[in-house]
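Construct the complete structure from the given sequences, taking the supplied hints into account.
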Amino acid sequence: MTCKMALRGIQDYLDDGLSGQETIEMDRHLEDCSSCRQALDEFRALQQMMRKLDRQPPPPDLELRIRVAASLHGERISLKRLVNELGDLMNPLAIPAFSGVFLTCLTFIVLLSTLFSGASLGSGDPDSALGLFTEPRARSLTMMPVVFGADLPFVTQPVTVKTLVGEDGRVIDYTVLSGPLDERSLEFLDRFLYFGVNMDPATFLGRPTVGTFVMTLSFYPTTQDRIDVRG
Amino acid sequence: MLNCEIGLDFLENEPALVDGLQVGSQEAFETLVRLYQAPIYNLAYRILGDSAEASEATQDAFVRIYKGIGRFRGECGLKTWIYKIAVSASLNRRRWWKRWKDNVPISLDSPLPSYGESSRFLEVPDRGQSPEAACSRRETEHTVQRALDALPAEYRTVIVLREIEGLSYEEIAETLSISMGTVKSRLWRARSQLRQRLRGLID
Ligand SMILES: [Zn+2]
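In order, the protein sequences belong to chains A and B.
Be aware that the first sequence starts at 930, since it is given in my numbering, and climbs by one per residue.
Be aware that the second sequence starts at 5, since it is given in my numbering, and climbs by one per residue.
Please keep in mind that the hints were generated in silico from the structure rather than gathered at the bench.
Take these hints with a grain of salt, some might be off.
[Unchecked claim] Once the Cα atoms are required to be at most 25 Å apart in a straight line, the calculated BS3-like pairs of lysine-lysine come out as:
| id | chain 1 | residue 1 | chain 2 | residue 2 |
| --- | --- | --- | --- | --- |
| 1 | A | LYS981 | B | LYS188 |
| 2 | B | LYS88 | B | LYS188 |
| 3 | B | LYS188 | A | LYS933 |
| 4 | B | LYS88 | A | LYS981 |
| 5 | B | LYS71 | B | LYS88 |
This is the structure:
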C-alpha cells in the first residue's frame, strides 16, 4: 500500500468503513510509515475531541418557549394551559436558574408594587388581627412573560388594580383603581390578570381561601434579546 | 450511536407518536418536544456557535415541524425528517444572523472570528472536576467551536452531524439531501481543515 492509498483510507478507518482485508493492509502500512501513522493519530485525536464535547444543555425555558411559539401557529395547543405553566416558571426559585427569557413581542417586564393587600377583608377583620387569616401574596411578578398576540396593544401607563384572588391563586375579578379604562386597555388587563398572574392565595386557618390583593403594574415591552433578572 | 438519549423506547413508539402528531395531539407534540429539544438545540448550537441563536433556531424548527407534520409521509424516518428541518432552520438563521452581525462572508483563509459576545455562553457544566480541568475543558470547547465556526457551513454541518450527533453516512446523506460521495468528501475536507486549525490541541 502506498501513502496516497493509506491517506485515502484514513477516513474509512476512522468511521469503521474498511473491510477486514483493507484493515490488515492499512495496519501493515501504518506499522512501517511514521508519517501516515502520525496523520491517523491526529485525525483520531480530533475525532475523540469532538465526540467528547459536552452537549450544550438547552436553556430551562426553551421547552415552554417552543410550545408558546407553536401555539401561536395553530389552535391545537391550548393557550390557557400554557399560561398556567408560565406561573410555575415564575416561581421565585426558578428565576435565578435562567437569566433571560425571550419571547419576541410577547414579553413584558412587569414592575409590581404592593400598596396594600387584603384591603377589604384584612384590615378591619378580627381574624386577621388574631393571625388566623393570611393575605394573598404575589409569588413573583417582577418579570412576567405574558402570552399575547402581537396585535394587542399594551398599557403604557401604570395601573393600580384591586384583585380578588381565588383559592387556587388565580385572579377571579378585578377593578381598576387608577389607570386607563378604555376597552383595549381592559382587554389587555383581562388577559394579563386572568392568565398571567399566579399568587399564593390567602389562607384562613391554614386553608386557602379567597382574598383581595392590590397592586400597581407597569408594563415595559421588550425588544431585546434578553432580560436580566435582578433581585 | 452517540446520541443515545434518543432511546429505544422512542423508536418503538415512533409510529404511535407520528400518528398522534398527525391528528394534532397535544401530548404527541409535547412528547416530541421533550425528546428532541435537547438534541436539536445542541445541533443548532454547534452550527451557530451562539446560545441565543441556537434557541431561536430550535424554536423555528419546532414551529416548522408543528406546521409540517401533516405532510410527513414517512419516506424517511422521523428522526431524519426532524434533523433535516433543524439543519435548515439553523442554516437559515445563520445566514440571516451573519448578514447582520458581520456583513462579511467567512472565507477559508480568514482568521478565526472573534467571539466577544458568545463566549460567555460556552460555559460547560461543572462535573466535579478541579477548577483547572474545568478551565482547560472550557478552553478546548471554545477553541473547537471557533474552529468549527470557521469552516464553510456545508462542511461544518456534515462534521457536526457525524461526530457530535453520531449520524451515519446514510443518515447524513438523507438529512442533507446529498449523495454519499458528497458526504464523504465534505467530511474529509472538514476533518482536514479542523486538523490544521486544531493542531495545537491534538498534539
Ligand atoms: Zn505512509
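Structure-based check of all given hints:
no., hint, result
1, A:LYS981 with B:LYS188, "22 Å, holds"
2, B:LYS88 with B:LYS188, "18 Å, holds"
3, B:LYS188 with A:LYS933, "17 Å, holds"
4, B:LYS88 with A:LYS981, "24 Å, holds"
5, B:LYS71 with B:LYS88, "15 Å, holds"
Consistency with the previously given hints is maintained throughout, with no hint failing.
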